[in-house]
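Colleague: Numbering (my numbering), first residue to last: 780 to 1313.
Hint data in this document are derived by calculation from the structure and do not stem from the laboratory.
Nothing here was measured: the structure is a model prediction, and the numbers come from that model.
Treat each hint with caution, since some may be false.
[Unchecked claim] Derived SDA-like pairs: lysine to any residue, alpha-carbon spacing no greater than 25 angstroms straight-line:
hint: 1; residue 1: 1072; residue 2: 1148
hint: 2; residue 1: 1146; residue 2: 1047
hint: 3; residue 1: 881; residue 2: 830
hint: 4; residue 1: 864; residue 2: 1100
hint: 5; residue 1: 893; residue 2: 934
hint: 6; residue 1: 807; residue 2: 1150
hint: 7; residue 1: 1185; residue 2: 1312
hint: 8; residue 1: 830; residue 2: 1062
hint: 9; residue 1: 1264; residue 2: 1231
hint: 10; residue 1: 837; residue 2: 822
hint: 11; residue 1: 864; residue 2: 1047
hint: 12; residue 1: 803; residue 2: 815
hint: 13; residue 1: 1146; residue 2: 821
hint: 14; residue 1: 881; residue 2: 906
hint: 15; residue 1: 918; residue 2: 864
hint: 16; residue 1: 845; residue 2: 1030
hint: 17; residue 1: 1040; residue 2: 1018
hint: 18; residue 1: 1072; residue 2: 1024
hint: 19; residue 1: 864; residue 2: 1090
hint: 20; residue 1: 1148; residue 2: 1301
hint: 21; residue 1: 916; residue 2: 896
hint: 22; residue 1: 1148; residue 2: 1067
hint: 23; residue 1: 1231; residue 2: 815
hint: 24; residue 1: 1051; residue 2: 1067
hint: 25; residue 1: 1067; residue 2: 1100
hint: 26; residue 1: 986; residue 2: 1056
hint: 27; residue 1: 881; residue 2: 957
hint: 28; residue 1: 893; residue 2: 940
hint: 29; residue 1: 1148; residue 2: 1040
hint: 30; residue 1: 980; residue 2: 1024
hint: 31; residue 1: 1067; residue 2: 828
hint: 32; residue 1: 1040; residue 2: 980
hint: 33; residue 1: 1174; residue 2: 1224
hint: 34; residue 1: 1174; residue 2: 1192
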Amino acid sequence: MKFDARKFKELAEKDFEKAWLSGKELLKRENPNLIYPRLGYVYGEEHPVFKTIEMLRKAYVSMGFKEVVNPIIVEDVHVKKQFGKEALAVLDRCFYLASLPKPNVGISADRVAKIKELIGKDFDEESLRSVFHLYKKGKIDGDDLSYEIARVLGVDDLVAIRILDEVFPEFRDLKPESSRLTLRSHMTTGWFITLSELADKLPLPIKLFSVDRCFRKEQGEDATRLYSYFSASCVVVNEDVTVDDGKAVAEALLKQFGFEKFKFRLDEKRSKYYVPSTQTEVYAFHPKLVGSKTKYSDGWVEIATFGVYSPTALAEYDIDYPVMNLGLGVERLAMILFGYEDIRKLVYPQFYGEVRVSDLEIARAIKVKEVPTTEVGYEIAKKIVEVAVKNADAKSPCSFLAFKGKLFGKEVEVFVEETEEDSNLCGPAFANEIVVYNGSVYGVPRTEEFKKIFEEGVECGIRYIDAFAFLAAKKIEEMTFKGEKSSSVRVRNVEGLSSINLQIQDNVRRYIVWKGGKIDVRGPMFVKVRAKSE
RNA sequence: GCUGGGGUUGCCGAGUGGUAAGGCGACAGCCUGCUAAGCUGUUGGGCUUUGCCCGCGUGGGUUCAAAUCCCACCCCCAGCGCCA
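Taking the hints into account, I'd like the entire structure generated from these sequences.
Modeller: Listed below in structure tokens is the structure:
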């Protein structure tokens, strides 16, 4: 609550102790839905893949590498130049880009008649013909076609779309036609193109890196492969680079991610764009992997590959210095760093059942449905709880005055009572607490039996009686406001959140059901609140 | 790319030619006294609402009638192959 600083200053001068104590009043927040954990300051979250990319970029920069963006879309001739005879096998893994052709559209007498029928008037055939002609020439974009047709015919856009659909079926039946353009399947494809521009201009050594997307037409996506992945790749160009530069770069890069020891193994399946006997696999030891359930439980993982580009491939691009290239799969590294075993779950958690709502988030979604609107209303709710807790075990029939005072200018009395014979004021579950544990919502008493739930779960800080008292107070406010003389609210067996004046967001409820959790808020409560006003 | 299994309502899940079973969840009513679900009913969407139309991955087709049969396609799962 905003406060008057001047008044406080005066009060503090007069009586500091009193002023200090009254500070407590200012911090009072009574609406239960504005109390933690219902109150929460939420924060966003990075995707682990992009988090890893961020780390890799910083790591490369710290090693003196300069970032570049390599071409993503490349003509297939580049692959042929780089791989020579091997190219066919590589292109087999590449996506070729296709696009829809622009059809030749003839406007026959039939079609003219059909259009006239659809628009209900004459039109200038020549202008329509010219629109299609300009479209074919690429002067009018596909986006604008229906707009242009609508314009020359003097009709609505929607009519134009209908004409396209009904009179010119060739648009509907267009089939994509492939081009010679491919999506790069690894970063090397782009490095050659970039280096052909830079290798003869920049001062040596040239150290460049790029962490970016590559594409592979795999036969299917599985736990280890996706159609699209990120490659973290770098090149070092110098008069005398060798595989030892690869080893040094690998070590310097990977040490920044917690890898401790390294082994280098010559890769048998040599790519034609590397100098023979330079393609090397990097095996690295990460203490986090030791004892893990992965196949890397000894801590060693093959994490990167490097090699020295072959002069035969470099010559195709007029590059006349040796080039060391090192690359690693970002998702692979992210799987190690974040403990994933299935790349799909790492990259697309939303499609692989990896959506998670924490217990805290569930607790946050449980709110008190009805709350009082006045300060006196909150006071009444507080007193109801106090009296109920204090006299819960009183033998019935019994009645306890909880509140007596003015509400909306009228004298109001509130009782917590039990009129039935031979029972207690409150049922045994009246003070059960709402706790979220392991994706389920429970209403349980604070006893030894449920200790684990309280300790490991998230407490909502609401007892049955608390939530109920807010409802009772709200009803008493309504009664008084409307000028009614009496009212009573009671709850018997609790059978769900709504019977004790609580509600949960529908989305969260569906999440709980989907995950197989339950909302188990039940128990014999048997509390009655009666009020009368003058 | 091959083989096999799948895609059904908020969720799970049955349904091999006759108009979407059952369960969960939700809603309503009933019942209530020591707590881990008692009973009954309702529960896809739309509309011009005594009725009509649309709903079982998508688009076609066969049929008096299609979730079901046929054709094509998309996607998911398991395995095999491929993986510079």
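Colleague: Hey, residue 1040 versus residue 1018, does the alpha-carbon distance stay inside 25 angstroms?
Modeller: 29 angstroms, violated
Colleague: Is the Cα-Cα distance between residue 1185 and residue 1312 25 angstroms or less?
Modeller: 9 angstroms, holds
Colleague: For residue 881 and residue 906, compute the direct alpha-carbon distance and say whether it is at most 25 angstroms.
Modeller: This hinted pair holds, its Cα atoms lying about 18 angstroms apart.
Colleague: Keeping to a limit of 25 angstroms between CA atoms, is the pair of residue 1264 and residue 1231 held or broken?
Modeller: Cα-Cα ~47 angstroms, so violated.
Colleague: Holds or violated: are the alpha carbons of residue 918 and residue 864 at most 25 angstroms from each other?
Modeller: Judged against 25 angstroms, a Cα distance of about 41 angstroms means the pair is violated.
Colleague: Holds or violated: residue 1146 with residue 1047, Cα cutoff 25 angstroms?
Modeller: Judged against 25 angstroms, a Cα distance of about 63 angstroms means the pair is violated.
Colleague: Would you check the hint for residue 830 and residue 1062, treating anything up to 25 angstroms between C-alpha atoms as holding?
Modeller: Given pair residue 830, residue 1062 holds - Cα atoms ~23 angstroms apart, limit 25 angstroms.
Colleague: Keeping to a limit of 25 angstroms between CA atoms, is the pair of residue 1040 and residue 980 held or broken?
Modeller: 37 angstroms, violated
Colleague: Checking one constraint from the list: CA of residue 837 to CA of residue 822, max 25 angstroms. Satisfied?
Modeller: 23 angstroms, holds
Colleague: Residue 980 and residue 1024: Cα distance at most 25 angstroms?
Modeller: With a Cα-Cα distance of about 21 angstroms, the restraint between residue 980 and residue 1024 holds, given a limit of 25 angstroms.
Colleague: Holds or violated: residue 1174 and residue 1192, Cα atoms, limit 25 angstroms.
Modeller: At roughly 22 angstroms apart (the allowed maximum being 25 angstroms), residue 1192 and residue 1174 satisfy the hint.
Colleague: For residue 1067 and residue 1100, compute the direct alpha-carbon distance and say whether it is at most 25 angstroms.
Modeller: Violated - the C-alpha atoms of residue 1100 and residue 1067 are around 39 angstroms apart, more than 25 angstroms.
When held up to the earlier numbered hints, the structure conflicts with 1, 2, 3, 9, 15, 17, 18, 21, 22, 24, 25, 29 and 32 and fits the remainder.
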